[in-house]
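Undergrad: Here the protein sequences line up with chains A and B, keeping their order. When we follow the numbering used here, the leftmost residue of the first sequence carries the number 1, and every step to the right adds one. When we follow the numbering used here, the leftmost residue of the second sequence carries the number 1, and every step to the right adds one.
Please note that the accuracy of each hint is not assured.
In the SDA-like style, the derived pairs of lysine to any residue whose C-alpha atoms are separated by at most 25 Å in a straight line are [as the list claims (entries may be wrong)]: (1) A:K32 <-> B:K199; (2) B:K199 <-> B:E81; (3) B:K130 <-> A:K32; (4) A:K133 <-> B:F184; (5) A:K133 <-> B:P185; (6) A:K32 <-> B:V188; (7) B:K130 <-> A:K133.
Note that these hints are calculated values from the structure, not bench results.
Residues per chain, in single letters:
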Amino acid sequence: MLRFVRSVSTSIIASLFLVLSTSTIATADIIKEFTQQSGVAEDFGLRRAVYLGRLFNGVDGGPFRRMDSMYAIVTLAQATNVQLFAGDGNSNFDSAFSQGKMIDTGIRVTNSNQTDTQVVFVPGNPSNTPPFKIGVPAGVAIHDSLAANNRLDFWLVGITNSGFTVPSSVSGNVANFFIQFDRSTAVPEPASILLAGSGLVALLARRRLGRSS
Amino acid sequence: MNAIKIAVVLGILVASTTLIPVAQAGIATSTVDQNGTKIGFNANNGSASKIGTFDFNFPSGLAGLGFTEARIRLSVQLPPEAFGDLAPQIVFAKLGETNLDQALITGDAIRTDIRISYNLFPSGLGIVEKQTDFINLTGAQNLALSAILASDPSSRLDAWLVSDTLTAITVPASGEFLDLSGPFPIAVVTRYNSTLDLKFVPEPSTSIAFTGLSLWLLRGARSWSRDRNKKSAKIKG
Numbered sequence: 001m002l003r004f005v006r007s008v009s010t011s012i013i014a015s016l017f018l019v020l021s022t023s024t025i026a027t028a029d030i031i032k033e034f035t036q037q038s039g040v041a042e043d044f045g046l047r048r049a050v051y052l053g054r055l056f057n058g059v060d061g062g063p064f065r066r067m068d069s070m071y072a073i074v075t076l077a078q079a080t081n082v083q084l085f086a087g088d089g090n091s092n093f094d095s096a097f098s099q100g101k102m103i104d105t106g107i108r109v110t111n112s113n114q115t116d117t118q119v120v121f122v123p124g125n126p127s128n129t130p131p132f133k134i135g136v137p138a139g140v141a142i143h144d145s146l147a148a149n150n151r152l153d154f155w156l157v158g159i160t161n162s163g164f165t166v167p168s169s170v171s172g173n174v175a176n177f178f179i180q181f182d183r184s185t186a187v188p189e190p191a192s193i194l195l196a197g198s199g200l201v202a203l204l205a206r207r208r209l210g211r212s213s
Numbered sequence: 001m002n003a004i005k006i007a008v009v010l011g012i013l014v015a016s017t018t019l020i021p022v023a024q025a026g027i028a029t030s031t032v033d034q035n036g037t038k039i040g041f042n043a044n045n046g047s048a049s050k051i052g053t054f055d056f057n058f059p060s061g062l063a064g065l066g067f068t069e070a071r072i073r074l075s076v077q078l079p080p081e082a083f084g085d086l087a088p089q090i091v092f093a094k095l096g097e098t099n100l101d102q103a104l105i106t107g108d109a110i111r112t113d114i115r116i117s118y119n120l121f122p123s124g125l126g127i128v129e130k131q132t133d134f135i136n137l138t139g140a141q142n143l144a145l146s147a148i149l150a151s152d153p154s155s156r157l158d159a160w161l162v163s164d165t166l167t168a169i170t171v172p173a174s175g176e177f178l179d180l181s182g183p184f185p186i187a188v189v190t191r192y193n194s195t196l197d198l199k200f201v202p203e204p205s206t207s208i209a210f211t212g213l214s215l216w217l218l219r220g221a222r223s224w225s226r227d228r229n230k231k232s233a234k235i236k237g
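With the rest of the complex left out, here is chain A:
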């Protein structure tokens, strides 16, 4: 009995060690870019979507699996809880959305002063604010889209006939938007799954061996 308990605990520790060791292998990097806001709006009765623009042209997926967190800086007016989407498609948002090509980042943008056209930092200024944490499914989907297309399109989306405006220029000055992603391999990779699986197999084998003896 004591031998069995010892073998089980050894296997659990070995599995945990394997899982922890694979997670420490996980790497991370930061991708960031800005460009002029497009400002082209669409409203086909379902929602109002304004195309921001395309970023990360030519960036590949690399060894990474998901977007962990992000910063977004956009210029807009009279917005309340406007959603930021990322994905594949620079026109006809409704169609891209229905095909699953557009992913809700989880970021919501609201103007603190509804009388002004403002630069809104979400979740705050990168110099002094921790980034916005992206949900795992959204983070994986955004990274998959980047890996598949080597680019990402960004949209601001509100309810139909909502009156928020997104300028491409502000009195002759270019209105840019800025996106920064922190991406990592922190999603179970095939190698990690294999290692963890082999640990479990070893555990079961030892348990069976213990029973037979």
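With chain A's structure known, arrange chain B on it following the hints.
TA: Leaving out everything else, chain B in the frame of chain A:
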């Protein structure tokens, strides 16, 4: 007797014209900071954006003035479909009106024919400064505008940009753009102001009164001349 009568009337007329301050034609101008407030319009199918509260100084008061034309300069963001009949219009309203649908019915606001079109140079998907030409004001618009200005002791009015169907219109109080030249992004702010010009002339009723008096005077002069001719003919006869 007639000569004395005419002399008296002439004297009264001359005295009255010299004593009554005669309104002169001109342009009243007001420049104010843009307000940026947006409210629902046309039962919330459209929107109304408050441009600002303009104040005018009429040294001789509003009496005897008729407003014939108006023009405006403002910074605005319009959607590309805002042209032709969909171009938003300027509405003048009494100070503090927050329900323009109702104010337009009660006469506390008046819709003008001044339209701010997306196509009006410069056009673009951003905040641009637009300046209209002088646009005629109808008689009804003139009367309503006079009443709105007269309702405030400082001759002030609120100007709004309204659209019956479009909501994505912004008349911002200020606009920011992102400066990414430094180590960290920063926002740079621009404040906006707007200018409203009102062209005015002496009121038509004043002109009609003077024309009437002139005609009456001319008639009197003719009558006096006729009487004098008759008298001289009698004397000769």
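Undergrad: Give a verdict on every hint.
TA: Status of each hint after checking the structure:
1. A:K32 <-> B:K199: Outside the cut-off at roughly 54 Å; violated.
2. B:K199 <-> B:E81: Violated, at roughly 30 Å.
3. B:K130 <-> A:K32: violated, 36 Å
4. A:K133 <-> B:F184: Satisfied, since the Cα-Cα distance of roughly 20 Å is no more than 25 Å.
5. A:K133 <-> B:P185: Holds, at roughly 20 Å.
6. A:K32 <-> B:V188: With Cα atoms ~21 Å apart, A:K32 and B:V188 stay inside 25 Å; holds.
7. B:K130 <-> A:K133: Violated. B:K130 to A:K133 sits at ~42 Å, over the 25 Å cutoff.
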